[in-house]
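Starting from the given sequences, assemble the full structure and let the hints guide the process.
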Amino acid sequence: GQQLNQSPQSMFIQEGEDVSMNCTSSSIFNTWLWYKQDPGEGPVLLIALYKAGELTSNGRLTAQFGITRKDSFLNISASIPSDVGIYFCAGRGRGGADGLTFGKGTHLIIQP
Amino acid sequence: EADIYQTPRYLVIGTGKKITLECSQTMGHDKMYWYQQDPGMELHLIHYSYGVNSTEKGDLSSESTVSRIRTEHFPLTLESARPSHTSQYLCASSPSDTPGSTQYFGPGTRLLVL
Numbered sequence: 001g002q003q004l005n006q007s008p009q010s011m012f013i014q015e016g017e018d019v020s021m022n023c024t025s026s027s028i029f030n031t032w033l034w035y036k037q038d039p040g041e042g043p044v045l046l047i048a049l050y051k052a053g054e055l056t057s058n059g060r061l062t063a064q065f066g067i068t069r070k071d072s073f074l075n076i077s078a079s080i081p082s083d084v085g086i087y088f089c090a091g092r093g094r095g096g097a098d099g100l101t102f103g104k105g106t107h108l109i110i111q112p
Numbered sequence: 001e002a003d004i005y006q007t008p009r010y011l012v013i014g015t016g017k018k019i020t021l022e023c024s025q026t027m028g029h030d031k032m033y034w035y036q037q038d039p040g041m042e043l044h045l046i047h048y049s050y051g052v053n054s055t056e057k058g059d060l061s062s063e064s065t066v067s068r069i070r071t072e073h074f075p076l077t078l079e080s081a082r083p084s085h086t087s088q089y090l091c092a093s094s095p096s097d098t099p100g101s102t103q104y105f106g107p108g109t110r111l112l113v114l
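Same order as they appear, the protein sequences are chains D and H.
Numbering-wise (the working numbering), the first sequence opens with residue 1 and increments by one.
Numbering-wise (the working numbering), the second sequence opens with residue 1 and increments by one.
Treat the hints as calculated values from the structure; they're not laboratory data.
All the given hints hold, so there is nothing to weed out.
Below, a list of computed lysine-lysine pairs in the DSBU-like style, where the Cα atoms sit at most 30 Å apart:
| no. | chain 1 | residue 1 | chain 2 | residue 2 |
| --- | --- | --- | --- | --- |
| 1 | H | Lys31 | D | Lys51 |
| 2 | H | Lys57 | H | Lys17 |
| 3 | H | Lys57 | D | Lys51 |
| 4 | D | Lys104 | H | Lys31 |
| 5 | D | Lys70 | D | Lys51 |
| 6 | H | Lys31 | H | Lys57 |
| 7 | D | Lys70 | H | Lys31 |
| 8 | D | Lys70 | H | Lys57 |
| 9 | H | Lys31 | H | Lys17 |
| 10 | H | Lys18 | H | Lys57 |
| 11 | H | Lys57 | D | Lys104 |
| 12 | D | Lys70 | D | Lys104 |
| 13 | H | Lys31 | H | Lys18 |
| 14 | D | Lys51 | D | Lys104 |
Quick look at the structure:
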């Protein structure tokens, strides 16, 4: 099946720093989504990307759909304590189930 | 943002018991999904449905079964729970008219089988 490689696995940063994480795949995806999950909760959609090369912002978050359709990145500017959580990339390819393929997540920890 | 609900939020149960995890959404979404997630790990699709009377197995094999008798309701059943079923189960839904597959998740059910 399709696999997503998400990195880094975890990040320890200072409040106010910028954050960058990415996902890569050997397969082409038609949709890239970025989710944030807090402990004990379901993932919450942050940004959805539908076109290769697309760059989309949501407040302090910016994500891009790679031009090769095999990668995506998420940037968070000026991190704040509530940004702590696990960030997942997810992609949907062609055919098969309509479900998403998820990366293993990036654990973001912010030190005050 | 979709309103999607899951009950119970937490369940501790003994081996061999039959359990049903409930999922309902109030947005009229046609597509619904069940994912399984071990702590700190990625989500794996176990079941999905495109609408009433439609159910399909996902990428990860699961001993659970699902039904879709009503649009808003997509329950998951384990006939005989085992410790290997211990995990978090997440339900999601998606409207048919969105491009791609923007999915909205419920809060999840954390299952512990003793």
